[in-house]
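Visitor: Chain by chain, the residues:
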Amino acid sequence: MEGFGVNLAFWTLAVLTLGSAGGVMAARSLFHAVLFLIVAFLGVAGFFVLLSAEFLAMAQVIIYVGAIAVLLLFAVLLTPRADRNNAETAMAAPAVLLAIALAAVVIFVIQDTDWATVTASPELTGAELGDALLSTWILPFQVASVLLTAALVGAIMLIRSSDEEAEDER
Amino acid sequence: MLELEHFLTVGALLFAIGLLIALSKRNAIAVLMGVELMLNSVNITLLAFSRFAESGRPISGQAFVAFVITVAAAEAAVALALAAAVYRNRDTINVDQIRLLRS
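Chains as they are written, first to last, in our numbering: chain A, -18 to 151; chain B, 2 to 104.
Rather than coming from a laboratory, the hints here were simulated on the basis of the structure. Nothing here was measured: the structure is a model prediction, and the numbers come from that model. Glycine included, every Cβ here is placed at the ideal spot set by N, Cα and C. It is possible that some hints are incorrect.
What the hints assert, rightly or not - Some but not every residue of chain A turned toward chain B, in silico, with C-beta under 10 Å: (1) E(-17); (2) L(-6); (3) L18; (4) F36; (5) A50; (6) N67; (7) A73; (8) L83; (9) L105; (10) A113; (11) A132; (12) A147.
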């Protein structure tokens, strides 16, 4: 991948995504953390476009920004008496050490490995993705649909209050 | 000149930040945010391999990412329902105050 524009986009997205992910960690209010998380999701969608996955970038914006972030905001609003100061537990210091160690090991392996890469961009279109999902990956696709249905029914069951359950039994 | 390593490094750093958030935050919703960041970083890594690695079927990487997004959506719905259910019974969702298994 070459070109000044691509490089500029990559470094801008890298700073934006990692900066707002750090903002999720540093924000002192849970609301601000969710807002930082939305920016991080949008940055990841930008990376998807850079990696020629336009369809998945759209799915990322719709599902993560449109659904999961709103779900997180709802969860914050539905727990009004819980702490909203985004504080750390006593395990914060070991967690910092573990995260730094993990990042160091993984980045060392990334730099050390001699990756067999191609220079030419492969032809990856949304139509081809749809074709692959509905032919090669049709069984995982169906299993994912069943999983999603089961998870949503389970979520509804979990969130019902006991009054509503008693009402249903009458 | 952008290479595979650049994208993998961003994915690794994002994963480390997500791990840090998931392990250190007190509120269960914040822990879930860390998990979502980790899933996103894995998606970046998968797409980077799909774009740069030598492969007969590069589109498989994108199909895998589509499944990861689906499972992440299911996971978020169930985890937030669990948080709401715990909150209803115990009035807190601080992970260090929920210790029902410890007598």
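Visitor: Of the hints given before, which are not true for this structure?
Guide: Hint 12 alone not satisfied by this model.
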